[in-house]
Amino acid sequence: MGRTPPRVGLNLIDEEAFRVAALPLFEAGLVDALEVDIDNEWGASRGRVQPRPAWQTELLDLFAEDDALYGHGVWFSLLTARLDDRQQRWLELLAEECGRRRYRHVTEHFGWMTSGPFIQNTLFPMPYTPGAVELGRDRLGLLGDAARCPVGLENLASALGPADATEQAVFLADILAPSRGVLLLDVHNVWTQAVNLGLPADELLRGYPFDLVREIHVSGGSWFQPEHAADRRAVRMDSHDGAMPRAEVLPLLATALARCDQLEVVIYERRGRLGTEAERATYRDDFCAVRAAVEQAFAEDAA
Amino acid sequence: MTCRGLTDDRLAALQDALSELFYAQLPPAEVARRLAADPAFAEHRAWVASFDDRLVEVQNATVRAWAERRPGR
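Protein chains in written order, with my numbering: chain C, 1 to 303; chain X, 304 to 376.
Derived by calculation from the structure, the hints in this document are not laboratory data. These numbers were taken from a predicted model, which means no experiment stands behind them. It is possible that part of the hints are untrue.
[Unchecked claim] Quick look at which bits of chain C chain X covers, simulated, 3 or more residues with Cβ under 8 Å:
id, segment
1, 59–72
2, 113–119
3, 124–131
4, 155–166
5, 222–229
6, 233–241
[Claimed, not checked] What follows is a list of derived Cβ distance ranges for each label pair:
id, chain 1, residue 1, chain 2, residue 2, range
7, C, Ser179, X, Ala339, 34 to 40 Å
8, X, Ala340, C, Glu300, 51 to 57 Å
9, C, Arg89, X, Asp341, 30 to 36 Å
Here a beta-carbon is modelled for each residue, glycine too, at the ideal position from N, C-alpha and C.
Isolated chain X, as found in the complex (with noise of 0.2 Å):
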């Protein structure tokens, strides 16, 4: 099947890196740490910032849950 669909390289980047940090499985604090500090997050700081500690708890629980990385990803 020909790959259709658009394509929007930075928010995919966006999304691959709040993947990889929520299935890092970081206390919030540090999560909270590296969404102020990595560029990756820099388009969407003010959006970043305002996480809820809790609601990345949560999150973390639900992505061990669920996650699963592409074989040899």
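Chain C on its own, in the form it takes in the complex (with noise of 0.2 Å):
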């Protein structure tokens, strides 16, 4: 018997651009699943709480009442050593969302932001110990009783050095296996570990562990200048502001559709310069790419 298809959906992006552009798709009957930045009402804004317009409300009712609504936090800072109070009020404000909505899973980036004299900060990277370990499980238990659904982390795109790609795999199933954690694999961001430190991409991820990967995303992103390095390569962000690189990405998507056999979602994630008609009909294109690679995959499957 073959394996259950997964759902395709978007990310709800807080842009009016977004709804232009993805109306379309939500007519058309394309959009499976909606994935949405759980904290954008309280993340930024350190707990007070900005309600979002009514076509979002809608739409995630909709979606919740369809159980096809996902959660993802951008601000919660997942490795954090020392919690604070803003990272206390994101968990009870997380658990009050949960109780208003049906969520299938949340996650989290992995990585961290706050410290002692941060607030909040760009994504940084963590050595991979023993004490890092012991304290992505503590966080993801937090997240988990606040949430009370499964939870879990998605593959950063950020790294210093080797380490933070060559590590991440088995630093996320370290993690993620012990409570059988959600593993969101962004196959964008594997792409751009992989190409900033001159890695084979196919070969970074098939590191990861895939009996834990739940869902996918797939994303676009654009390139940085260094202007001070002694090595002015450009440098891949996962910016989410630019086209699909579907000659890199598409492979990838592929090669873990294959091999995630507890799949159920797949995300495709954009954000900013869709303010054309051009850069909106490129938005659908993608999408429509990424929900034909999933169906021949699956198609494959069954034959």
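Join these two chains into a complex; the hints should help.
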């Protein structure tokens, strides 16, 4: 018997341009699932809740009723070694939101951004040590206690050195496996680390614990041009503000699709630069390319 | 709310030191020099010694965009 094909969905972006770009996909019935940055209303504003527009809450309620809503955290800062009041408040608000709507699962980013003197920051990687694994398991438990649904982690795109890429898969497995936490595998993030560090992307991808993957992210990004480093080669950023690099990312998606037996959803995420009709058309084409890749992978599976 | 969650003071010290280092917006060569010499990074010397200059520069740029210090600290 073949595997059940995953849903294919979109990450809901809090921008009017997203609504305009994505509306034809919703109207055509092509969006099976919705992922939302669950802390959009309180994450950046340190707990002062800023309500969503009505069109967003209606979509969230609709997908929650269909049991096809997925939550994704941005601001918790999972591996912060000393939690602060902001993070405690974040957990309270997560519990409230998960009591309000039904989520299939909730994920957060791997890494950390909050530390003693800093309320927020960009995401940093963490060295892979037993202490960091213990910290990760503890924080995953806090997430689960608050969300009261399956919880998990997304592999990080940023890296400062090779170990942040080569050790990430086993680091995540060590944290997630004991509680069967959800691995959100972002294939653009894997490619970003590979291209920035001169590593083989396919080999990096194959190191991940596919049995824990319940969600895949596919996205785009942009390039950063270094000006001070001796090596001036451009650096890939997982900024979600550009089209999906299909030639690089779709083969990685196919590799993952063939191996993830517990996969239930594939999400396309893209933000910013959706102001022109050409950009919006590219957004929709990218989503359809992801959908086609999923359909092809599971048609081959059923054959 | 009661403050829950494990605390790891050594990892917290590493995070504080890294945050401060990147917040200072130093050129990659100076970041590398401090990573090599600062006792705050002694436990993780192999990790910090492997940092790539280009990736340090990107981290500097994103820290510039996102970092927010607590008032008075």
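Sort out which numbered hints this structure fails and list those numbers smallest first.
Checked against the structure, the only hint that fails is number 1, while the rest are satisfied.
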